[in-house]
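Chemist: Since the structure of chain U is provided, determine the placement of chain Y on it from the hints.
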Amino acid sequence: MRSFSLIDFVSLFAALRWTVALVVLALGFGAPLALGLAMGRISRFAGLRWTMAACIQIVQSVPLLGLLFFFYFGMPVFLGIQVPALVAVTVAYTLYTAAFLGEIWRGGLEAVKQAQWEAGACLGVSAWQQFRHIIAPQALRLSLPPTVGFLVQLIKGTSLASILGFVELARAGQVVSAATFQPLLTYALVAAIYFALCLPFTLWSRSLEARLDGSR
Amino acid sequence: MNFLPLWRYQNQLIDGAIVTLELTVISAVCGLLIGVAGAVALNGRITPLRWLVRGYIELFRNTPSLIQLFIVFFVLPNFGLKLPAFEAAAVALSLYFGAYSVEIVRAGLDSIPRNQVEAGQCLGLSGWQVFRHIVLPPALRNAYPAVTSQFVLLLLGTSLASQVATDELFHVAGFIESRTYRSFEVYAVICVIYFAMAMSFKALFAIIGAAAFRWPRRR
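Residue numbers (the numbering used here), protein chains in the order written: chain U, 661 to 876; chain Y, 4 to 222.
It is worth saying that the hints were derived from the structure and are not from the lab.
Take these hints with a grain of salt, some might be off.
[Stated by the list, open to error] One side only, chain Y facing chain U, incomplete, derived with CB under 7 Å:
| no. | residue |
| --- | --- |
| 1 | Thr66 |
| 2 | Leu69 |
| 3 | Phe73 |
| 4 | Phe77 |
| 5 | Ser162 |
| 6 | Ala201 |
| 7 | Ser203 |
[Claimed, not checked] Take a look, some chain U residues computed to stay more than 12 Å from chain Y by CB distance:
| no. | residue |
| --- | --- |
| 8 | Ala775 |
| 9 | Gly780 |
| 10 | Lys816 |
Even for Gly, the Cβ is constructed at its ideal location relative to N, Cα and C.
If we strip away everything but chain Y, and leave its shape as in the complex, we get:
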């Protein structure tokens, strides 16, 4: 076991980690937007749209992310949509994250008892005010743990993008391995970097959560 040959590749590792973070954040933001739009559609009155969103959720939650990535990267070019590796990975991961987000956002909104909304209306609040002051804060707090743990899973899941040659952290590992032949050492270091990133995000989310949701829980 010899970790020294890896030392000179630290810049590549840092670059890889940055691409991983970019991919994670972009996919998370797009996925959450899909989640909000999907939740609105699911609670809406247009039946075909509801079916469409249902179908999307089931399709993306019951097939492996890796296969979805392959389909976006290898199959879509047949239809004239040829995406570069990073963009393809971002699209595939956004759709995957989005499928989970829809359910999370909807569960958050559904967790607010109907009579609280009615109480707000009785007090003469407008529709927007009811949403902004009565529904949104507790809905955010209820959805927050699920969103953050899903975010960490997404961060770890971006490692799949290495399989379509996105130059993120796991792909960098393959590159260093091919140069140094230190397979075990490389992947041990990579695991530690992912671990450090995942733990940092968990700590960050815990701090943000504690600061943002300070009001007491109803019993």
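One chain only, chain U, in its complex shape:
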């Protein structure tokens, strides 16, 4: 047993980079997939709409922890080869992000009035251009507050990677707590770091929402 020292403090902050890396990976892969899901959900083809809805529903009805374990143990079964833990974890967070952002963005796209599409069509604008220049900018504005809100969920969600032994902030907290026998100090510090990371986004999301309200 040793006392809590500067090195423990540093190791917590060093582990923070993996928390950030997981968030960046999840968004990097998840956001394009979410866009595809959202566009599929408002497609003219009923089959595509239903498939996308089913995919979103499945991912949203399984615990994030379950997704992580499913892909951690499942990737070698599916692919027949061992994959690094980071790959399996990234796949799980990507699907999680895609399902939730996809649903949020679908809401944004559907909130833009149908007449806007029709106005575009009347002006001879192609379907893609209607989406790109008329619908998407308005939908983006509407769905930005919940998107930022989801970002907070994602940051908090990366703490679950600790359970697979991935050394990000929460795991580093467990290690330091076990080494120093100072759970109070350690977990309070870990919570404070998460809080400092999430609060700005929460406040940003709220101010975006307030601004949207005022413009109505």
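Modeler: Then chain Y, alone, in the frame of chain U:
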């Protein structure tokens, strides 16, 4: 891939699912009570109390549920409050759910236009009657979708309780995995069980919602 070795653990799986449901329902009820109390305090006139509730909401919504669980389970014993795993998980999840519930309940109450309340008072209804017949029904309907989706998230979130050895479904998975070494199969089955429970609740809530809120919406 071989799912057969899991078959003989069906009783453990059922027991685990029951503990998961118990944990979910207990945390949801306690969380909603916190939500109602918090919403009343937020709309109240006592400023320090409002700050306290604000602080509670921000603190619990901006830190991971897992860390909150660790603090309740590993840190509170230092202060002489040693809770068994299930109780610790229930306390942590109630507080987490409560932080979201306060905002949901308050948003539901705030969604009723002030002039409807005044209209009720003009008709000579008492304060309680105004609340019971004018504010509460539409407030419940407005809050209902948020509460139910939060409930499903809570159901899925109880899987974290496995990390402090609460013997709920996810913990049972770890036990079966250690016996059979069928890691992938176990977690695939667990995911299907959670999926089935989540979908059942969603269907149930949709039916209850359709039956309870039948009056037409104002346009």
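Chemist: With reference to the structure, classify each hint as holding or not holding.
Modeler: Hints and how they fare:
no.: 1; hint: Thr66; result: 5 Å, holds
no.: 2; hint: Leu69; result: 5 Å, holds
no.: 3; hint: Phe73; result: 5 Å, holds
no.: 4; hint: Phe77; result: 4 Å, holds
no.: 5; hint: Ser162; result: 4 Å, holds
no.: 6; hint: Ala201; result: 4 Å, holds
no.: 7; hint: Ser203; result: 10 Å, violated
no.: 8; hint: Ala775; result: 18 Å, holds
no.: 9; hint: Gly780; result: 27 Å, holds
no.: 10; hint: Lys816; result: 4 Å, violated
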